[in-house]
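Protein chains in written order, with the working numbering: chain A, 17 to 118; chain B, 52 to 226.
Honestly, the hints are just simulated from the structure, not real lab data. This one's a predicted model, so the numbers in the text were calculated from it and none came from an experiment. Where a beta carbon is used, it is the ideal one built from N, C-alpha and C, also for glycine. One thing to keep in mind: the hints can contain errors.
Unchecked claim - Coverage of chain A stretches by chain B, computed from C-beta distances (three or more under 8 Å per stretch; other residues unrestricted):
(1) 40-50
(2) 94-108
What the hints assert, rightly or not - Footprint (simulated), chain B over chain A, 3 or more residues, beta carbon under 8 Å:
(3) 21-27
(4) 57-65
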Amino acid sequence: MEHTTLAHHLLLAGLLFTAGLAGVIIRRNLLVVYMCLELMLAAATLALVAFSRFNNTMDGAILVFFVITVAAAEVAVGLALIVALYRRTGTVSSDQLNTLCD
Amino acid sequence: MPDPLFVFFAALTLGAAGLLVLSRNAVTSAMGMILALVGIAAEFFLLDAYFLGVLQVLVYAGAVMVLFLFIIMLLNTDKPETKYPWIKAAGGLAVFLFLSAGVVALILHSGALDKVAGPTPPELSNNPAEFATAAKAFGRLLYTKYMLPLQMAGLLLLLALVGVVNLSKDAKPNA
Chain A
17 MEHTTLAHHL LLAGLLFTAG LAGVIIRRNL LVVYMCLELM LAAATLALVA
67 FSRFNNTMDG AILVFFVITV AAAEVAVGLA LIVALYRRTG TVSSDQLNTL
117 CD
Chain B
52 MPDPLFVFFA ALTLGAAGLL VLSRNAVTSA MGMILALVGI AAEFFLLDAY
102 FLGVLQVLVY AGAVMVLFLF IIMLLNTDKP ETKYPWIKAA GGLAVFLFLS
152 AGVVALILHS GALDKVAGPT PPELSNNPAE FATAAKAFGR LLYTKYMLPL
202 QMAGLLLLLA LVGVVNLSKD AKPNA
């Protein structure tokens with residue numbers, strides 16, 4: 017009988033996290049960078065649910081519940097910030113947002 | 052060998068994540084993100100976390116991604132990104148993958164995972180202290196053990212609401 021072990025789930029979560037991290041590093045559009053950040057968060061929740069299920073406890077699942085809540089609030093504030101930034105500077109590209117550099 | 056369904060949804064999620072990261076069009080990226088989140092929700096279902104899977108689809112793939120798409124289309128940033136530091140990015144990613152492969156090999160070699168959990172998920176029980184699929188188990192814990200975090204989460208959502216209203220009110224052009 018084939019079965020999925022904890023290592024499989026953790027591997028998938030790790031790969032998703034890596035994909036999100038790579039996106040955060042190489043993308044220049046702030047909105048896409050933000051989506052990649054969300055993907056990293058979702059990958060972490062996958063690992064939490066897997067640990068929770070394999071350890072037969074509810075705590076990890078509850079933590080995922082709170083992560084989803086916090087992520088929703090965070091997305092609202094972050095997008096409002098990006099819109100405010102766009103209104104001031106007219107761009108959402110992290111290449112052109114270099115005021116603190118010069 | 053893992054469950055074929057797990058493999059299918061893992062491939063779907065990883066492919067969608069690749070679409071999210073590599074697509075030059077922000078709307079295509081958002082579609083990839085939605086697909087990836089639905090794939091993760093499917094993995095939640097396979098882990099018997101039905102309530103969390105539904106929550107993931109409703110909140111993440113639904114509400115949050117609609118907000119993202121709305122902002123992407125509002126700002127109309129469809130100009131494809133020109134400067135892509137592909138070489139540097141690929142090099143950095145290769146180093147990162149090499150290091151993480153080392154970490155994974157170490158973890159698997161040390162056998163720590165076997166101490167954390169058995170090879171198969173334990174049988175589901177009706178004991179509310181253990182992992183349960185019903186939303187009832189969430190409610191019971193949220194209103195007993197996790198009462199304070201629940202209140203904090205509510206406060207956080209209220210603060211986020213006030214903050215967003217304040218942010219979008221204050222942003223004046225060239226202020």
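Against the structure, the hints come out as follows:
1. 40-50: holds (count 8)
2. 94-108: holds (count 10)
3. 21-27: holds (count 7)
4. 57-65: As far as the region 57-65 of chain A goes, the hint holds, because 5 residues have Cβ atoms under 8 Å from chain B.
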